[in-house]
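**Q** Chains L and F are the protein sequences, given in the same order.
Residues in the first sequence are numbered from -16 upward in steps of one, following our numbering.
Residues in the second sequence are numbered from 890 upward in steps of one, following our numbering.
Rather than coming from a laboratory, the hints here were simulated on the basis of the structure.
Just to be clear, a hint being listed does not mean it is correct.
[Stated by the list, open to error] A few chain L residues facing chain F, derived, Cβ under 8 angstroms:
(1) V45
(2) L48
(3) G52
(4) T66
(5) S68
(6) V72
(7) H74
(8) V76
(9) L105
(10) P108
(11) E143
(12) I145
Note that the Cβ used here is the ideal one computed from N, Cα and C, for glycine as well.
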Amino acid sequence: MFTLIVELKDKPGQLIKTLEPISRLGGNVIGIVHKRDKITPLKKIPVEISIEIDENKVPELVDALKASGITVREYNEVRLVTTSSLLLVGHIVHTDISDTINRIDSTGYAEVIDLHINMPQLNEPSTALITISATGKENLRKAVELLKVICKEKKILVIEPINEEFS
Amino acid sequence: MIKIAIIGFGTVGQGVAEVLMEKRDYLRQIIGDYKVVAVADSKGSLIGDFDLLNAIKIKRERGLPEGMDAMEIVENQDFDLLIETTITNIETGEPGLSYIKKALKRGKNVITSNKGPLVVAYSELIELAKENNCKLLFEATVGGAMPVIKLVNNCLAGNKILSIKGILNGTCNYILSRMEKEKMPFEQILAEAQELKIAEADPSYDVDGIDAASKLVIVANALLGIDAKFEDVEITGIREITPEAFDVAMEKGYTIRLIAEAGSNGLKVSPRLIPLQHPLALQGTLNALLIKTDLAGDVVVVGKGAGKRETASAIVSDLIQLYG
């Protein structure tokens, strides 16, 4: 899901100009909200449009809208939309947990949003449920692959979920 | 009259022989008259006119008498169907592989419960059967009594199989489901499983995922049309799983099972997080397979993956498929 706020002049034919490039780029409009109560000093109406669209096409969409004279006020460029939880078993803390997290976070397309660790005893393997969010399914898959590489280096067992579509 | 040779006369071979006797009247109505004309194992054999129940008794009491060796029987004896139930070797496929090849070359039908030959030489064997105008059936190699191969080929005919995920090793499932309940370490539950004869003295074949991977290779070849070899399977076993792993997983509504998976992303056997209400979150030694298809959607089968009569069930179903 991708949300776009554009400012449209209050006259006929404005909305259709916005929708045309969305449709052309294969986007699916989920919702349109006219925010008439938030009318701008230049008498334009902010319109919030929620769409499902291939994330790679977003820059092209924004450019197309701007080219047709529509003011794009804001759009959420990087929004974490897909999440997966994995279980790690091994010496998670002693193998530098912050390095593990940093390497996921520094991808720019995924980050660790939750970590729940259970440490039974010193020198015994610990368990962590790690939750990763990414900007799309493909990026989530890449982040999970990266996590698996890191864990292989650190001799940590990765238990992936079964119910995710990417697995 | 269908003349049957049973090569490999251990638990599985004897189980088949018993069912062939026990259900003789019923089976005759479906496939016509049949007779076991040879039984052989690695040490001895019986050929010609002999009483099958007596053969089982002899085998148990003192072993089959020395006689024609198994390869000679496959090469020279007069039979229509080879039931091959010798011991599995997934590295060489032998001795079953040579028996099956020889029988197919002679144009004889073959039913096998032995994973080894299929893991080593799936496409070669299927091709050989085609060339010689005979059939090779192997329902018993995957999931024991649980219908898999014929379920997909017959009942789901017309579907494209997109992926399969399943529990193909009952020993691992027993150990993991006990760890989930008892919160005891792997080694302790393994010892319990060994005592109950669910796990073998050398458990590596099961707990390191080798058995599940072998079955996955057969399923991938037979159902997904992937020309897969054992080396293509990414394998992770269950030895490193701790009781605490179950604690953490269950807090979020998950359990852990060893899952074999084949699909567009390749072949993989590994422990996975499974939602507690998922059809693969099974207890005990059960096997299960979740088949994703293009027309029928998801189909799940659950059943007993091993055992004498369960394996005999799969072999008899192949027999009826062939001659019914």
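**Q** Hint V76 (chain L) vs chain F: min CB-CB distance below 8 angstroms?
**A** violated, 13 angstroms
**Q** Do the numbers back the hint for S68 (chain L), that is, is its least Cβ distance to chain F under 8 angstroms?
**A** holds, 6 angstroms
**Q** Could you check if V72 (chain L) really has its C-beta closer than 8 angstroms to a C-beta on chain F?
**A** holds, 5 angstroms
**Q** Hold the hint about E143 (chain L) up to the distance rule: shortest CB distance to chain F must be less than 8 angstroms.
**A** Check passed: Cβ of E143 (chain L) comes within 6 angstroms of chain F, closer than 8 angstroms.
**Q** Should the interface hint for L105 (chain L) be scored as holding, given a Cβ-Cβ cut-off of 8 angstroms against chain F?
**A** The hint is violated - L105 (chain L) has no Cβ within 8 angstroms of chain F, the shortest such distance being about 14 angstroms.
**Q** Given H74 (chain L) as an interface hint, is the shortest Cβ-Cβ distance to chain F below 8 angstroms?
**A** violated, 11 angstroms
**Q** For the restraint on G52 (chain L), tell me whether the closest CB of chain F is nearer than 8 angstroms.
**A** Given a least distance of 44 angstroms, the restraint on G52 (chain L) is violated.
**Q** Holds or violated: is there a CB of chain F closer than 8 angstroms to the CB of T66 (chain L)?
**A** violated, 12 angstroms
**Q** Tell me if the interface restraint on P108 (chain L) is satisfied: Cβ within less than 8 angstroms of some Cβ in chain F.
**A** holds, 6 angstroms
**Q** Would you settle whether the hint for V45 (chain L) is holds or violated, based on the nearest Cβ-Cβ distance to chain F being less than 8 angstroms?
**A** violated, 33 angstroms
**Q** For the hint on I145 (chain L), does the least C-beta distance to chain F fall short of 8 angstroms?
**A** Nearest chain F Cβ about 5 angstroms off; hint holds.
**Q** Under 8 angstroms is the threshold here; is the Cβ of L48 (chain L) close enough to any Cβ of chain F for the hint to stand?
**A** Where the cut-off is 8 angstroms and the nearest Cβ of chain F is about 36 angstroms from L48 (chain L), the hint is violated.
Of the hints listed earlier, those the structure fails to meet are numbers 1, 2, 3, 4, 7, 8, 9, in rising order.
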